[in-house]
Amino acid sequence: MTKVELYRKGWDMVEFKEEVSIVLGGAAGQGVQTVEEILTRVLKLSGYNVYATKEYMSRVRGGINTTEIRVSSKKVRAFVKRIDILIPFQRGVLPWVEKRLTENTVVLGERENVEEEYLSKIKFVEVPLNDLAKEVGSSLYLNTIAAGIVVGLFHGDFEVLAEYLRKRFGSKGEGVVAKNIEAAKKGYELGVKLCEEGTIGIEVRKNESVKNEILLSGTEAVALGAVAGGMNFLSFYPMSPSTGVAVFSAQHAEDFEIVVEQVEDEIAAINMALGAWFAGARGMVTTSGGGFALMTEAISLAGMAENPIVVHLAQRPGPATGLPTRTMQGDLNLALYAGHGEFPRIILAPGSIEEAFYLTAEAFNLADKYQVPVIILTDQYFVDTYYNIPEIDLDKIKVEKHIIEMENDYKRYKLTDDGISPRGIPGYGEGVIIANGNEHDEYGDITEDEELSKLMQEKRAIKKLETIRKNAMMPELIGRDDAKYMIIAWGSTYHVIREAFEILNRDDVAFLHFKWLYPLPEGVKELLKGKILICIEQNVTGQFAELLRKELGVDVHHKVLKYDGRPFSVEEVLEALKGVLE
Amino acid sequence: MISPMLFEPNRPGSRDVAWCPGCGNFGIRNILKSAFAELNLKPQDIVIISGIGQAAKMPHYLNVNGYHTLHGRAIPIATAVKAANPNLTVIAEGGDGDMYAEGGNHLLHAIRRNPNITVLIHDNQIYGLTKGQASPTTIVGMKTPTQPWGVFEEPLNPIALAIALDASFVARTFMGYFKESVEIIKKAIQHKGLAIVDIFHPCVSFNKVNTYEWYREHTYWMKDHDPYDREEAFKRAIESDPLPLGIFYIHEKPVFEEEVAAYKKDKTPLWQREPRLEEIRKILGAKRAF
Ligand SMILES: Cc1ncc(C[n+]2csc(CCOP(=O)(O)OP(=O)(O)O)c2C)c(N)n1
Ligand SMILES: [Mg+2]
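Quick note, the sequences are listed as chains A and B, same order. Under my numbering, residues 1 to 582 are what the first sequence spells out, in order. Under my numbering, residues 583 to 872 are what the second sequence spells out, in order.
If you are wondering where the hints come from, they were derived from the structure by calculation, not from laboratory data. There's no promise every hint is true.
As the list claims (entries may be wrong) - Distance ranges between label pairs, derived from CB positions:
1. K835/B x E98/A: 55 to 61 Å
2. E762/B x M473/A: 55 to 61 Å
3. I403/A x N592/B: 22 to 28 Å
4. H402/A x M587/B: 53 to 59 Å
Note that the Cβ used here is the ideal one computed from N, Cα and C, for glycine as well.
Only chain A is shown next, with the shape it has when bound in the complex:
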């Protein structure tokens, strides 16, 4: 092995205890993702808890994309601003992440990838990755070497790394596998050496049980949850950050034996999914704000025809094309008010990967039972984040179909006390079904009758809404219910706020997280009574705070808002909270 000269400028060993945040940065197409995949999988299989998230630019080549990987003794599931170890794959990465660098940030990599002015601000370890890669045979091996170094720093299990490379590159032939293992070894030994000679010290505990845990992303959790909930028809038009759900579903469509179809536009997508439900299937669309805006007329049809539908709406900053690859919770109002006329809907927003799985599965039962649109709000941060979770319990999933066999003289829109009319489907039973987007009588035929028009409006917008509200899910309360302060948040910010909340460690502060956003259950008002309310959201105007006022007549006292397209970090939330709390 060639000797590698390490560039170290008068600093002592940097030590990381319990957890390390590693950031990889490079241009699109430079292989940052390869390193991320190797590291997260190999480190998890070595027994470390891992968390990863990425931020990237809306371009196919160039620019700068970064991935954060947190490796820890305990489970961490939140974005931190702080970078402990940075591996830049090109120039420009350090300025891009400048605000996240600390004096203890160790930068590993080529000298040419580190701008002069940073050398004195960070701790630089020069590793000639390119030369090392060429020694192996080609600069193609650079990524594997970089991954090897990090695994070496952790004294990870090299055999696990080698095994991973065998699997990953197996299809490319023995030669490629052997070269990659050689490259990984080079990196690994270097990583070990960096520790042994006292440059970097890492003390993160391994945990035997982590090895068998599931590494799952938000995207995968939504897609798998949907299939578990009986989704057998997915129609979509590609739009970041929602496309991942379609990609994953398409790749497994033959295993799941489901229809996955990319269609001409979002209007077709949602109308198809409505048609699928009408015929008894379970349809979903996956889209983002702009696509959902195009779907709104059909959402209204779903409301009128009482046609179930499940929408996965992965938010990104708007208006218009906005920041296509970044994150925001700015489409709550869009989801709330989409569609002309008045009709009920259900809006959900999972806070964790597990929740995304179970909640998406349940969305299909809810849509079927109440015959309304069910909208699942995620966002770029959520879908692109993954970490190891102990288990997904498939026995918890129950597909409850609410389809009846139609008798002769079947009335699709029979007036009932709870606003729900038993739903038949074509071809099942002696009767026929007439569904209608025009105002209708109980059979489904057009009506302009005064009394009937009123009764039908009340059936949908009052009776059914109240039936849903009675059965709505309560938010999760973390902390004491008699705390003076109550943090309020919804959806994807759950773990970031939770980590900040735990660091804060104050008895007089509690945290209320909503995964069911609308309609809000009655009991929420009681939980908020007499508390100083702090609402944390990723949008400009505080849309959820507004909803609390509208639904419950509750005013929040403080809003903590972020709308730069980046996710909240634990540090930011902590700082904001300290600013608000006495």
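Fit chain B with the ligands to the given chain A structure using the hints.
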């Protein structure tokens, strides 16, 4: 043979028909009832998905399954109904505005996707329900409330368009010819693949040009036409006066429901299926390893 009366509804709301006396839609309704009866179809097995317009009110005046949806959206909904349950006979129905204007994009892509459904376009060359504005097939020069200067846009030629896109089945009829229309609609329903039938019919209230008489004078039935000859079909399609009637073009090819992953191994309609949890278990298992 079963009686066409089987398709006569007796729901209270189906009696108050919203079509004008003498409207061509009545004729189309009778044609449909006879076609269904002659094909021995049961009301329970037929689904009509309609858009919005006078034509799209058809489901209310028949005893079959129906879904009166949105302007322009009948085709995607019908496509999915067929894909969710291939045992159903699925018809997408609407006017010329519905199918060629608001829903035009869906028609193009349905031709590419080729679901085994029948698309019936009631082509009265006008917007009936909204009271007489020009449609994509309104002839040049016609004055309307919104085109008081006379229409100058070239009318769409749906037949040529469909053949150009290699649609699976393309036909045109005039509802004034009852027997021939029944035959064409029967063939369209029986055809495996997307079947498009443009049905001329007069709008007695808002189209004073294209009357019953006009259609009789300006159309003719194609004889000795080989619908499997695409070039010949295209030649006929671009004839303008008189306009040919009959089956222009047939090209049998794989249908959407046979291509999708859902039916590769199992033909059970989707609503009768349960999720394949064992496949999810396998994927989760893989996520524990690499
Ligand atoms: C999104 C939308 N735009 C416009 C309308 C109004 N509208 C209803 S039917 C129609 C056109 C009707 O013409 P056509 O489809 O030819 O049907 P016809 O009444 O002639 O049978 C229009 C413009 C609507 N219902 N929805
Ligand atoms: Mg018309």
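Evaluation of the provided hints:
no.: 1; hint: K835/B x E98/A: 55 to 61 Å; result: holds (58 Å)
no.: 2; hint: E762/B x M473/A: 55 to 61 Å; result: holds (60 Å)
no.: 3; hint: I403/A x N592/B: 22 to 28 Å; result: holds (25 Å)
no.: 4; hint: H402/A x M587/B: 53 to 59 Å; result: violated (34 Å)
Hint 4 from the list above is the single one not met by this structure.
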